[in-house]
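*Asks:* One letter stands for each residue in the lines below.
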Amino acid sequence: MNGLLQQDVNQETFTLNLGPQHPATHGVLRVKLVMDGEYIVEAEPVLGYIHRMHEKMGENRTWVKFLPNCGRMDYLCALSYNHGYVGAVERAAGIEVPERAEYLRVITVELNRISSHLLWFGAFVLDLGGFTPLLYAFDDREFILDLLESVTGSRLTYCYFRFGGVYNDIDDAFIAGTREFIKRQRKRMPMYDALVTKNIILIKRLKEIGHISKDMAKRYGATGPVARGSGINFDVRKTEPYSVYSEFDFDVPVYEEGDSMARYMVRMDEIEQSMRIIEQALDKLPEGEIKPKKAVKLVKPEKGDYYHAVEAARGSFGVRLVSDGTNTAYRLKLRSPTFSNLSLYGEVSRGMLLPDALALMGSLDLVIPEIDR
Amino acid sequence: MPEPFRVILFIIFVMAFAGLNAAYLVWCERKGAAHVQRRIGPKEVGPYGLLQPIADGIKLMTKQLFLPKGADPILFMVAPLMVMVPAIMSFCVIPFSETFVAREINIGLLLIFAFASVNVLGLLLGAWGSANKYAVIAAARTVSQNVAYEIPMLITVITMVMVTNTMNLNEIVRSQAGWFFHWHIFRLDISLLMPVSFLIFFVCSLAETNRAPFDMAEAESELIAGVYTEYPGMGFGVFFMGEYANIVIGAALAVILFLGGWQSPIPFNPAGFLGVFWGLFWFLLKLYTLIFTVIWIRWTYPRTQFYELLNLSWKVLIPISLFNLILTALQIKIFPWL
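In order, the protein sequences belong to chains S and E.
Counting in my numbering, the first sequence runs without a single skipped number right up to 373 at its last residue.
Counting in my numbering, the second sequence runs without a single skipped number right up to 711 at its last residue.
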């Protein structure tokens, strides 16, 4: 008899290994928990189970060849990562982008953001024990995947953006389909409201739980819905507009409470805002080229240090390029939002009950391959 | 029928009923869930996937039974039986129809609750015996949950015993004869809070049988599979059957105490052989309607937080059920002729 329970009967805390294969971590995240009963004394996220050295890859392949890698970091909002990298290289090499291409980028990125938020919504409610909303959300998401498949050719790990434009133009079917999707989604949101958001059990599980203060969010560099749920009005699309975002009228939902419910509400509101952006973009869509006449094959940015940030579904995704003037990067640093968002987990979860801590983890919206890169 | 044959017949019937119920409630649950979630559900094995439970059973039975490292072999093996056997035992006092009952015992209600409380012991011992931290956390939750919910449940049952003056389940059903408004749930003249009693009883039976939104014993997104984490093959299968048998018992009790058991909603009772099936039909109809509600709830609501669950019991259900008990007692004392 030397089972786990027989060891150290007198010690008051015990270590609980959560993951890397645990249903609530949604991927290969491992959290080492020191528990006192069901209360968490200390939580230490252990990373690296899906580390693929994307940054190093960026340093030893040419600028163009790194493009497919961008879709494989955050597999749920791959187009934002395309946008970040392409934008950084364009800024560094001074490549002009036709206006229509920028509009297409915005439309597809926002569609991707909605699909990411829908999947998060389903998975989050699944973490709380409600199975049904997950399948409803997947149902909606399927529409977006079909739409994006028709223009980009892939359903999950997109590689749609090119230096100076996009790969494929949209057609009338896509525009009609997108408008129909928005109409449908506007009808679905009240249902989610009634089924999930106003559910007393859900409210009791999220309200005033997992509080992240404004100060803490700033200290850990949290961005995206996590920061906006803590009352920080920071959205890269508004604060330093890139692409053509400055031409659209949309709001940045900000909630002051800082609890899991606030983060939930931010994301649910963002779905509506993204739909507004897409509608305006479709209305204003200019005619013209979608990529440079001659494909940009050889990129050689001038020697220097460049940074470009975009607002991905999970927060601010930044690309820092250090170019030495050759056809590969000297250094490619990718700033992924969930890495910073996860880093505050240890501090916030201290003293929480295990199910609350898992609800908190869900509300951070983690995508593990994006943390490890 | 001579007594030994009757006993053997009922043993076979009860075990088959419990087993088939478990198997086909899983099928119903999967089909029901699929319907709620706009899927199809099992459809490959047999027509409408009706043979799926049998395929699942064969799969579970042919799996290797291994003992996790550090587990207590006796507790680990006995625990599933401690969930399953009491549930089957409880079936022997349930009146499926007026004459269709294995044993009409005067303390039938007490017997069911005595056996029902063994269930949680089985879960606790199984979790402890499997030497898994997640299982032990789940077991600790289950025990405190069961303790908390047994109190309002028993208070409600005491109220009902006061009303009916008997613990014989068949007698309780007989006292609800006639039109459907003679069922206890509609008898506001006996106790003003009768529908509330039913609600308390129903919520408590959800909690007692570890069903969503109170499924702390399993809590798959938090504790992997809770108490069942380490159980392979039929060990898990027996737990599962026990769980479903308990759901049937809980729903059957609710039907007997509040919804008139085997009484039909209109005062029409064919005599003789047909009468057995007439009663059986109404009993099963009410039973499965309640069970369907249980399934429906599971696929609609998220799981409650553990302390909310205890709060609900200690701060809401227990005071209400106590108040209900006193109110009913007063009503019986003041209007004894009703």
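Derived from the structure by calculation, the hints contain no laboratory data.
Nothing here was measured: the structure is a model prediction, and the numbers come from that model.
Glycine included, C-beta positions come from ideal geometry on N, C-alpha and C.
Keep in mind that the hints are not guaranteed to be accurate.
One-sided and incomplete, this derived list gives chain S residues near chain E with beta-carbon spacing under 8 angstroms [claimed, not checked]:
| hint | residue |
| --- | --- |
| 1 | V34 |
| 2 | D36 |
| 3 | E38 |
| 4 | V41 |
| 5 | L126 |
| 6 | G130 |
| 7 | I203 |
Computed from the model, here is a short list of chain S residues facing chain E with C-beta under 8 angstroms [as the list claims (entries may be wrong)]:
| hint | residue |
| --- | --- |
| 8 | A24 |
| 9 | V28 |
| 10 | T132 |
| 11 | D139 |
| 12 | F143 |
| 13 | L145 |
| 14 | L358 |
*Asks:* Which hint numbers doesn't this structure obey?
*Replies:* 1, 2, 4, 7, 9, 12 and 13
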